[in-house]
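Protein chains: 2
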Amino acid sequence: MHQDIGLEQAWQLLQEQCPSLGQELVLLDDALGRVLPRNLYAKHDLPPEHQSAVDGYALGESPNADHSYRLCQDQPETGGVPEVLKEGQAVPVNTGGVLPRGTVAVIPHEKVVVEGQYLRVLGNIKPGDNIKRAGEDFARNDILLTAGTQIEPAALGLLAALGIGEVEVFQKPRIAIICLADNIVPPGLEPDRGQMRDSNGPMLSGFISRQGGVVTSVHYRSVTGTSMKNVLEDLCSQTQMIILVGGTYQNGKNTSRLLMEDAGAQVLFWGVLIQPGSHVGAGKLDNTLILSLSGNPAACAVHYHLFAAPVIRSMQGLPWKYRQVVARCSNGFAKRTSSRRLVRGKALWRDSGWEVEVLPGQKPSMLRSWLGCNALIDLPPGGGPIEAGEEVQVILLGEYTDV
Amino acid sequence: MHQDIGLEQAWQLLQEQCPSLGQELVLLDDALGRVLPRNLYAKHDLPPEHQSAVDGYALGESPNADHSYRLCQDQPETGGVPEVLKEGQAVPVNTGGVLPRGTVAVIPHEKVVVEGQYLRVLGNIKPGDNIKRAGEDFARNDILLTAGTQIEPAALGLLAALGIGEVEVFQKPRIAIICLADNIVPPGLEPDRGQMRDSNGPMLSGFISRQGGVVTSVHYRSVTGTSMKNVLEDLCSQTQMIILVGGTYQNGKNTSRLLMEDAGAQVLFWGVLIQPGSHVGAGKLDNTLILSLSGNPAACAVHYHLFAAPVIRSMQGLPWKYRQVVARCSNGFAKRTSSRRLVRGKALWRDSGWEVEVLPGQKPSMLRSWLGCNALIDLPPGGGPIEAGEEVQVILLGEYTDV
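Which chain is which? The protein sequence lines are A and B, in order.
Residue numbers for the first sequence follow the numbering used here, beginning at 1 and rising by one.
Residue numbers for the second sequence follow the numbering used here, beginning at 1 and rising by one.
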């Protein structure tokens with residue numbers, strides 16, 4: 001067990017203990033944002049045959065210098081288009097239509113004059129013009145999408161074009177949340193004096209859903225009572241991650257640490273040298289990672305991004321390291337910090353480079369600092385105050401890097 | 001009706017005709033990503049009362065120089081904490097717990113020594129330490145979230161903290177898709193020779209869902225037959241936008257233009273001076289915007305981003321103008337262009353500034369160019385070829401600006 005470690009060491013320990021995730025077959029309609037566990041290959045050429053790229057006329061070899069062609073009669077038994085186009089023949093084709101053998105080029109409607117059964121082309125004909133060659137987008141056995149790809153809309157189109165109706169993806173990481181504070185009541189209940197409504201459950205559920213995970217349940221000690229050990233053990237068999245939120249301090253340990261130990265989890269680390277919320281911890285029980293995050297909402301959100309999100313991404317085979325940039329701080333930060341401090345900010349790229357604004361409400365309890373937050377200013381121990389215009393190191397929360 | 005206009009004029013016409021969107025009440029669980037039509041205000045202070053920011057002890061006025069206090073007995077009738085803390089008294093409190101009147105500061109467990117009924121504080125006490133003042137995050141009647149805000153996870157937490165269980169948001173833009181090409185078959189059907197599987201429906205559905213819209217239905221002329229006018233009219237009463245995809249060229253007009261006119265839509269413009277796909281068009285029928293996009297998948301995706309996405313965002317009160325930056329092209333583009341051309345690229349910010357890679361497969365039919373695409377290189381008429389290392393104008397597809 002590691003005590004009071006640095007952030008980078010915590011990342012390393014979490015990656016070493018990253019839970020494994022199963023795979024499942026989903027319909028294409030449900031595949032957006034899901035991640036491929038292995039490469040997908042083209043079963044056939046795309047397009048499967050030579051096709052027209054425009055609405056117009058397929059032209060055979062040109063018999064003469066003035067580019068006049070004889071129009072073929074429609075051939076209903078082959079979908080209106082003959083199998084072969086002979087010298088001097090032309091036939092109307094639509095975008096995506098299969099081209100007859102012998103097609104030299106396709107010419108759009110705008111560039112021809114039709115006179116009865118004859119057609120004259122205005123301008124030059126370049127062989128191959130407006131022809132989509134079989135396999136020009138993807139040839140049979142080409143890699144369509146590589147392992148680790150997050151399925152985007154264009155990939156849905158590509159898979160549909162190849163007749164793929166379902167696709168194997170990583171399961172969604174299943175995550176349960178347990179709020180350990182006695183004085184936190186779930187949404188929908190009216191708090192008594194000394195109680196507070198929970199904000200962490202709804203906030204974490206939002207963050208988790210954005211990262212492709214699913215919150216299976218949120219438990220409240222104030223409702224369930226003190227038998228949290230059974231709850232934790234039950235959840236272990238159903239989830240890859242359990243997030244413990246809050247937990248009161250007792251006899252040098254807090255509820256969440258005691259709970260982990262009680263359930264027989266291996267404690268990976270306890271305490272990370274950061275502000276806000278140095279009392280963060282992590283454990284592992286079978287294949288389930290258990291994280292203990294601060295109950296103060298702004299600190300909880302910092303912890304989520306630093307400790308939970310990287311594991312949720314990594315489980316799915318997605319890059320998990322945040323991009324870090326140097327940014328000019330537009331407004332400054334008045335405080336000096338003894339520990340390494342993560343200050344909530346809003347980063348924006350300007351023509352002159354990255355700029356970051358320190359958001360108002362930097363106490364660990366204040367949600368105001370998370371509204372519009374897309375970056376953490378990474379202030380080293382002994383750092384600050386930050387002058388307006390000073391350069392600072394920034395962690396971009398929405399951007400990841402492979403390296 | 002405007003013919004063969006510039007992109008900026010098309011944007012202006014579309015914004016002028018942007019359909020209006022209704023509002024609806026949704027549960028907080030369903031509010032992530034939705035947009036507020038008006039400001040939300042705090043009904044009460046947050047926190048509602050003075051609270052402890054840590055697990056520790058609330059301290060009254062200090063009676064002596066050595067900072068020793070007498071521990072209050074628990075007061076079960078007030079949740080364990082007395083109403084008032086007198087001089088020299090201390091009482092245990094948990095994070096978020098209400099503080100008695102007369103509390104000067106809260107001191108965490110780690111900084112005290114408890115000896116029987118007495119407590120000694122190690123170090124100095126700064127009045128106000130570890131106290132969350134009532135209303136310090138949000139005071140009663142403060143604006144919580146402004147109109148036009150897209151609800152993010154932290155906002156869910158904030159609303160939950162204030163006991164707000166449902167919230168008024170813009171309805172999701174409802175969009176129908178009609179594939180007009182005779183030779184396109186829907187997913188699940190086996191194409192005959194000369195037919196192709198649809199890729200545009202699944203791709204557009206993915207793009208639309210990412211922008212907060214919902215695809216109500218996808219229709220195929222190859223299945224429905226030629227009575228598309230009735231389909232269009234029916235859909236008008238149920239949607240804010242209808243996207244016509246493809247449509248074969250006939251007598252100087254294409255199916256989609258004829259369909260719009262036939263249904264009595266006001267044609268806003270036809271033809272935009274861009275490549276790929278200059279034959280794009282737009283019309284309006286009652287409150288429904290009708291867009292006619294290219295049937296070639298890569299051109300269709302360009303059209304979607306240039307013409308449909310800005311309207312879908314604008315309807316919801318979101319900024320719709322793409323951020324445009326100058327980027328260094330890492331690999332170049334071999335072609336010279338006569339019209340203004342949108343080249344699919346992948347943009348990445350490096351320490352030296354923006355860089356963009358031209359993606360492979362730039363024909364209008366090739367989906368390969370959309371895999372990983374997050375930017376359009378905006379090549380002016382007569383522009384290109386682009387040398388590797390040359391600076392180009394780039395439209396960032398995932399980033400928007402208010403100005």
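Don't read these hints as lab results, they were simulated from the structure.
There may be inaccurate statements among the hints.
Intra- or inter-copy, both count: the list cannot distinguish identical chains.
Mimicking EDC-like on lysine to aspartate or glutamate, the simulated pairs with C-alpha atoms at most 20 Å apart in a straight line are [claimed, not checked]:
#  : residue 1 : residue 2
1  : Lys363    : Glu49
2  : Lys335    : Glu166
3  : Lys284    : Glu390
4  : Lys111    : Asp4
5  : Lys86     : Glu16
6  : Lys86     : Glu357
7  : Lys284    : Asp262
8  : Lys321    : Asp351
9  : Lys86     : Glu233
10 : Lys126    : Asp45
11 : Lys363    : Asp30
Being a predicted model, the structure only gives us computed values, none of them experimental.
Each hint tested on the structure:
1. Lys363 with Glu49: between (63 Å within a copy, 16 Å between copies)
2. Lys335 with Glu166: neither (54 Å within a copy, 37 Å between copies)
3. Lys284 with Glu390: Neither: 41 Å inside a chain and 51 Å across chains, both beyond 20 Å.
4. Lys111 with Asp4: Between copies, since 17 Å is at most 20 Å while 75 Å is not.
5. Lys86 with Glu16: neither (66 Å within a copy, 52 Å between copies)
6. Lys86 with Glu357: Classified as neither; 69 Å inside a copy, 42 Å across copies.
7. Lys284 with Asp262: Classified as within; 13 Å inside a copy, 66 Å across copies.
8. Lys321 with Asp351: Between. Shortest inter-copy distance 17 Å satisfies the 20 Å Cα cut-off; intra-copy 25 Å does not.
9. Lys86 with Glu233: For Lys86 and Glu233, the Cα distance exceeds 20 Å both inside one copy (76 Å) and across copies (44 Å).
10. Lys126 with Asp45: Neither. Shortest intra-copy (24 Å) and inter-copy (74 Å) distances fail the 20 Å Cα cut-off.
11. Lys363 with Asp30: Answer is neither: 40 Å inside a copy and 28 Å across each miss the 20 Å cutoff.
Hint violations for this structure: numbers 2, 3, 5, 6, 9, 10 and 11, all remaining hints satisfied.
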